[in-house]
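Place chain Z on chain D using the hints.
In order, the protein sequences belong to chains D and Z.
One rule links them: number in my numbering = place in the first sequence (from 1) + 31.
One rule links them: number in my numbering = place in the second sequence (from 1) + 78.
No lab work stands behind these hints, which were simulated from the structure alone.
Here a beta-carbon is modelled for each residue, glycine too, at the ideal position from N, C-alpha and C.
Partial list, derived from the structure: chain Z residues whose beta carbon lies under 10 angstroms from chain D:
1) 95
2) 210
3) 213
4) 228
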Amino acid sequence: MGICEEVRETIEETFPRSQADLAGVAQVWDHFQECEACREFGERLVALNQSLDGWKSPIPSKGLQGRIMAGIAQIERDRSNRAKQYPFAETLRGLFLYRFQVPAAGAFAAIFLLILSVAFNFHQMRNEGGTTASVVSAEEVSDQGSVPLAGPIQGVVHSVAPTISAPPAAPIQIPDAKVVAANPYTFGDGATPPPVIVILASPPPGLLRSPYHPAQTEISRPVDRKENQL
Amino acid sequence: MVDIPHEWVRECQEGNVQAFADIVGACEKPLLSFVYRLLYNSPSGRDPEDVVQEIFLKAYVGIGKFDLRREKRFDCWLFAVARNHCISLLRRRRAEDEATDLGEDGLEGLADTASPDPREALWERDVSRRVADTVSALPEKLKSAFILRHYEGMSYQDVAAVMGCRIGTAKSRVARARETLARELEGLSVAP
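With the rest of the complex left out, here is chain Z:
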């Protein structure tokens, strides 16, 4: 969850490019985290940073459409743009029918772990891979809702705003995702 002041957005709409640079600085990390998880193990075949770059350019071109009077949070609007962009990428790729090979065990797509101990690092990688595979196997709506709630720390209201649904629907999607993950990851522990 990133709090972007409305003054930055107003200055961007008036043509101040430096204000947009401040927005990029504040949002690039959470946006990359969201895009990385949403597109993990998907046939999009795109580098998450390239996708984040496209999303920011799209947001810059369409920033005039952000209504400062009606919309409360700019980050919700930005994440909605990001989600829609990722969905259209996936649909386009599915239509082209090309799959990306992430390697034999998919470890190339995973972020590096922090542990210096090799045995622990291997364990963490194994857990990380299993969690990543399980979350990425969720249906898109459940996956998006869960990532926004759990990994991005958004409130149910913000999740509903990003996904364009009611708060009850957002809660239901997160709950269903959690049930599926609890069932699939039962018995998985973090420590070796």
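This is chain D alone, in the form it adopts within the complex:
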């Protein structure tokens, strides 16, 4: 920024009302001796400010403060009447509006999120319907011959010698009934199940549905069915 621009910016920020105001700023007055353009700029600015000062504002009337305080007294009377009618509500309102805005907002947000998460989890639990996944790996079954299942699915997993070459062993995950509803002979992701047949003992009536036949209420032994073998 050039010296002229600096001086003009200084003059504007000073808001000079007279030549004396300009003379009070040493940098400005020294520059005026060398630069006529800036001196004229300063003089025009002084003239402008003097013109603007010609617009006077009124003085407040004597009764203005009295009218304001009368209005405040009326507000206080209204507040007092409301507090007598609804004391608890008024106290709470005052606290939340004027003292504890931020903590109150945080508390309400936390309560809202808590209710939302409880509702969401409750909805999830209802949709799962009590079935839990029992994951049993094929290696576990082939090593031990049979593995008891834990959880609500009672029974034993027996290994069966595959009649064709088996795909690489993958952990068995008993899917949700809805997942296999589209194709009861595959898992939800379209992969074919490993060559381990789950033989279940009779579950308590009404407790379980077959994940492979959601419409069935009893589990049938699929061992003899060729379409279930790989």
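This is chain Z only, laid out in the frame that chain D set:
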């Protein structure tokens, strides 16, 4: 620019009405000056003193929202309340589409001049009217910034705090207002 001690504000927030009376006493003149100039020649049709009364009542009801820890100056907050109130008045009036007739030459709205000489008084009134008309014709943001800077003597930081903008924006608005006024009032001199 009015320096209001934070103790007065704290006492007001605790319910001390006398503390608010002290604040009114300190702020009523500069606030009236600001409101008068902001609403001059506008279609609001309101007496500036009535508007100042409404502003103080609004400030009293909402004084609990003034954060003593974060806000430095109470007068900036009060002027921000005043400006917002005036803007909402103007918008409401514009929506109702009613204009106020200030008289044939608008002299009824002007404050009295101080000069005893009739010729000089007439000259001052003429200058005053021309300046008033020119300043009131500025866009609201430029007008508010300029009035706060020139007539209320606020620093650019305070102007920015009142208008809710950056300091650079406040400086730019004041500069643009000054350029417009210099162009419109060129050749106008105070003395006859």
